[in-house]
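Q: Chain residues, written in single-letter form:
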Amino acid sequence: MSQATLFYLANLLIYGSVDAIACLGLSMQFGVAGISNFGYIIFQAAGAYTAAVLALPHPTANGGFQSYIGGLGLPFPIPLLGAAVVGGLVALPFSLLVGRRLTGHVAAIGLLVTAVMANLLVTNFVPLFNGAAGLSLIPQPLQNLANPQGQAYQWGYGVAAAIVALAIYFLFRRITESPYGRSLRAMRDNSPVANALGKDLLSMRTAMLVLGGMAAGLSGGVLVGFITLWDPGAWGYAETIVLFAAVIIGGTGNHKGAILGAVLVPLGFEEATRFIPSSLGPPGMIPALQWVAIGLLIVGFLWFRPQGIIPEQRRRVFAKAQARAALTGASDATVRLQRAATALVPAEPAPKPEGSILATEGVVVSFGGLRAVDGVSISVGRGLLTGLIGPNGAGKSTFLSALAGTVPIAEGRILFSGQDVSRMPAYLRARAGLVRTFQLASEFKRLTVVENLLAAVPGQKGDTFVGALRGRRYWQQEELAAIDQAKQLMDRFGLLEYADSYAGNLSGGQRRLVEIMRAIMARPKLLLLDEPMAGINPTLARRIGKNLQELCAEGMTILLVEHELAFMDEFCDPVIVLAEGRVLAEGTMAALRGHPEVVEAYLVG
Amino acid sequence: MSVEAGAAPATVKGAALATELLSAGYAGRAVVQELSIRVAPGEVVSVVGPNGSGKSTLLKSLVGVVQVLSGKVLLDGKDITNWSPDAAARAGIGYVPQIDDVFAPLTVRENLEMGGYLLPAREVPGRITHVLDVFPQLARMLTRKAGRLSGGERKMLAMGRVLMLEPRAFILDEPTANLAPALANTLLEDHIRQLSATGASVLVVEQRARAVLAISDRTYVLTGGRCRLEGTPAELIASPDFADTFLGGTKRPMESASE
Amino acid sequence: MSLFIASIGFGIVTASVLAIAAVGFTVQFGVTDVINLAYSSVMIASAYVAFLINQLGQGQSIWIAMVVAAGFGAVVSVVINKYLYAPFQRRGTSPTAVVIVSLGVLLIIEYTVQAVEGSANVSYTMSQGATLSFGGLILTVVQLVIIGLSLIFMVGLHLLLRYTRFGKAMRATAADRTLARNCGIRTDRVVTLACLLTGALCGVAGTVFVINTGSFGATSADLFLVMILAAVFLGGPGQPYGAMLGALVIGVATEVSAVFITADYKYVPAFVILLVVLAVRPRGLFNAGAIG
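Residue numbers (my numbering), protein chains in the order written: chain A, 163 to 767; chain B, 1027 to 1285; chain C, 21 to 312.
Please keep in mind that the hints were generated in silico from the structure rather than gathered at the bench.
Treat the hints with caution; some may be incorrect.
[Said to hold, decoys possible] A short, non-exhaustive set of chain C residues, derived as facing chain A with CB atoms under 8 Å:
hint, residue
1, I120
2, Y131
3, A135
[As the list claims (entries may be wrong)] Some residues of chain A that are not near chain B, with every Cβ distance over 10 Å (derived):
hint, residue
4, A295
5, R486
6, N554
7, G555
8, Y660
9, G697
10, Y764
Think of the CB as a built atom: it goes at the ideal place given N, C-alpha and C, for glycine as much as any other residue.
Given the sequences, and given the hints that come with them, work out the whole structure.
A: Shown next, in the form of structure tokens:
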């Protein structure tokens, strides 16, 4: 192999590693957490500039023809570390925008525009980073030890960069495969529901933005340490589009896919065109056609194979847990102990305390002048299966939403377990034990059934960023116990065979069951069910009813909104009637039928 | 606000509306099952029932918004099953949906003009004058944006929009939803009842069972996507099963849309 | 002071160019529900077609070339919408993914232009006409023509939307497509015609943009897209009158600030305004989502 080829391969290794690190960061943000960060390139640029100005000598050196801030002349590895840190810091203000107000495509556009403008500002404000000319003569890491032009250095650099890329891959994989990673994916699939189940969306998004920012910054630092140049032309918004293309083509939501995408798109493309004679066509035509090809690839992949070449793999969590249990031969005693420790229902010391677990006082919810809930004061007794009925438009769903915290109340108070939760955000109420289901389909589609259930378990050790970093050993035990719980539940509701199937692929009624089971996994003290029987056949509905009764016997309290009034007959006592936003009556269904006002309410509508 | 009764709309040759063993629903799952109903020209027929009984789905399947899975929809004997909404409009069906029934950013006059989109341009002003005779309140707010109207005014505009084409069959989905009871009664008595006086057939789905019974010639009671009771208002009110059907207390086993 | 007044004049010219572009963009969005980021590339591609016509034979009038550019923009816009965006929408693709598709289209169109045209900048062969000065404003004849054109288009669009059957059908389709279909409006045709119309505006906008800036290359309109987005979101996406107002504000703010800051940063006010609007009130000053 000739010298030239060896140099070429070393370069490939370096560029490939840099692209891989950058794509991994985007894969975490976009593929796992669902954040469309069209401004991603800014983080790489920030890292590159930081590494440069930390490594460069004072601006007056080298003839002083460059002007820039910094110039501290620091040795390896400080510029590189600085690059990663600054990449993460720059991400922080973005989390304020993305985390709160901006969602979806509007946020994406805002971020894209920010990237364009940052480029413009850096280009024009010369004292910052030498403007359009950019920075050059950037000192390379450890350039005193070996000649940077030599094979040894370049191969050393390449291998080191590849090791860093691999390390990042394993780190990101560790995070993604943890319960925390599962929560991230749940946020990606359906963020309002994740919120209602107790996930702190703002902190997750911030964490991912910073983590991805650090990866991008690091990639910039590694790159700039090799090529010794960096200017605004290297990070226009076209470059962000390329990274997105790489992640989409390689495989969204799969870190291996991100690496593949990095190799195919930024790397593969550059290199493929190297072999086309540049005399072909007018100057600049080949590079331009490269971009056209990338555009075609983006559109083509999004149409024909939106999941990418290596799509996100279905995680057979349940099968693996079963195999593991069989292998370790967990004894019955251990299993029983585990079950007791993580009971479905918060253990209540016998005898069961009486009294109400929830009380509302004059709750009012209004939508632009219309009082959907007009002064409702109820009390829900502990351990009871209470029904909530009423004609259409009576405000039942709105009331449930107000209880759960997904809709604000205008007047009144909500007291849960003695605590005033009227102003508490939904995710905190969920953590306190007040959990709801939704009327419309809200399963996490790209999570399996068992993953859906596990996502709801509160207070898991592995469900924090730090917990995820500590690795499987730290949270495995708890996870297995939770899986066992999920198994009992799936068995009870007859969905055990679908444990490892994607929730999005099940039938309507089955998805409804997943949602109910998921809410139960959240270990609620009070479970709010919003029309859970809609679209479910009577036999199944009856079985669910019995299961719900058993749960109440075990100490859970349930408040259930339903239209199928025969169901109320069989399972609910008491039943509260809402009409026109106010409580009309309360009692058993049979008693209510004899109540002339209730009959009228239904007939008057 | 008070609702003045205006002039009666002109007479049309009404069309008989009927379904034969109609099953309809979303994504292949039937919400309405094997329903056979009929409305004769000049009749007001209402469909009532508790929530989730499939009333709204039934209406949507008549005009092509929801897919008919089996069975037929017949207009004067002609099979119009699964015709698109605009084709249904052209065939003479005037459909007033429950929500999204007016163009909020367009003015009252422009809404009526859109209602008359299928008419030759020169006929439109005349039709508008006619609709304003039926709903005189609208005449005072021709330049107001529809989004700024009150609930009752909006519903009147929605009906006026449909009236522009002189439909031979009217289909109304819970027209009194979100209206105060007094207003609801007036809307039903003065305007909806009047529509049948033109000769058109009128099919109304309503939550307010009592109120709509008062203006109906015949009524169907739906639960779980199937018809449980049928008859004249007098027959139904006299029947002991009527209230029970609404409150699910029948002695018959629980039947609902299968999955 | 005189510089300030002169800059207001330039601001009005910029605003005129921006208005044609922004109104086209916002009406297209209102009817199709797609934030078409490839819009600026269609502008530049049309401007390039105008250039080719301009250079034909002994040199054709730029105004005739502009008409051809309008036709080109119209056709390309219809094709992109009908055969790319609409199929993705029918499939249920998320709006974010459709934006990514539009970025892909942006790359395809913009760099096809660059592949054909080369990376050197070109300019139209035309005379800017005499420079007139009145009341402190200093404008060339051509600039006045641009302002005039813009006014004509704005008035024309207003008349179309308010007084013609088709214009009202467009507003109805943008407000509620299902209801429009229930009225018998053939919404597919309305969308196609709306794309033709707004595509033509896009083509004109590209041409006058180049006329106003002088020389251009394939990437010249990239920053202009930011200004279009700023004007559109300021006035509310889908609101043509809002876009006109937004264009005026952004155009004048940009040119006036060039006096105080420096010309290099003149796009920054547009950027800041856009970010503030997105963060605080993404629906814009008027109600979003419907034309009218």
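Q: Are all beta-carbon distances from Y660(A) to chain B longer than 10 Å?
A: Y660(A) clear of chain B: closest Cβ-Cβ about 15 Å, beyond 10 Å.
Q: Please verify that the nearest CB of chain B lies beyond 10 Å from G697(A)'s CB.
A: Violated: least Cβ distance 6 Å, not greater than 10 Å.
Q: Classify the hint on I120(C) as holds or violated, based on whether any CB of chain A lies nearer than 8 Å to its CB.
A: holds (6 Å)
Q: Beyond 10 Å from every chain B Cβ: check whether that's true for A295(A).
A: Holds, because the least Cβ-Cβ distance between A295(A) and chain B comes to about 51 Å, which exceeds 10 Å.
Q: Mind checking the CB of Y131(C) against every CB in chain A and telling me if the closest is under 8 Å?
A: holds (4 Å)
Q: Verify that the Cβ of G555(A) lies farther than 10 Å from every Cβ atom of chain B, and report whether the claim holds or is violated.
A: violated (7 Å)
Q: With 10 Å as the threshold, tell me whether N554(A) passes as away from chain B on beta-carbon distances.
A: violated (5 Å)
Q: R486(A) clear of chain B by more than 10 Å, beta carbon to beta carbon?
A: holds (35 Å)
Q: So, A135(C) near chain A? Judge it on the closest CB pair being under 8 Å.
A: Because about 4 Å separates A135(C) from the closest Cβ in chain A, which is inside the 8 Å limit, the hint holds.
Q: Just want to verify: Y764(A) was marked as not at the interface with chain B; is every Cβ pair farther apart than 10 Å?
A: Contrary to the label, Y764(A) does not stay out of reach of chain B, its closest Cβ about 5 Å off (not over 10 Å).
In summary, the numbered hints that this structure violates are 6, 7, 9 and 10.
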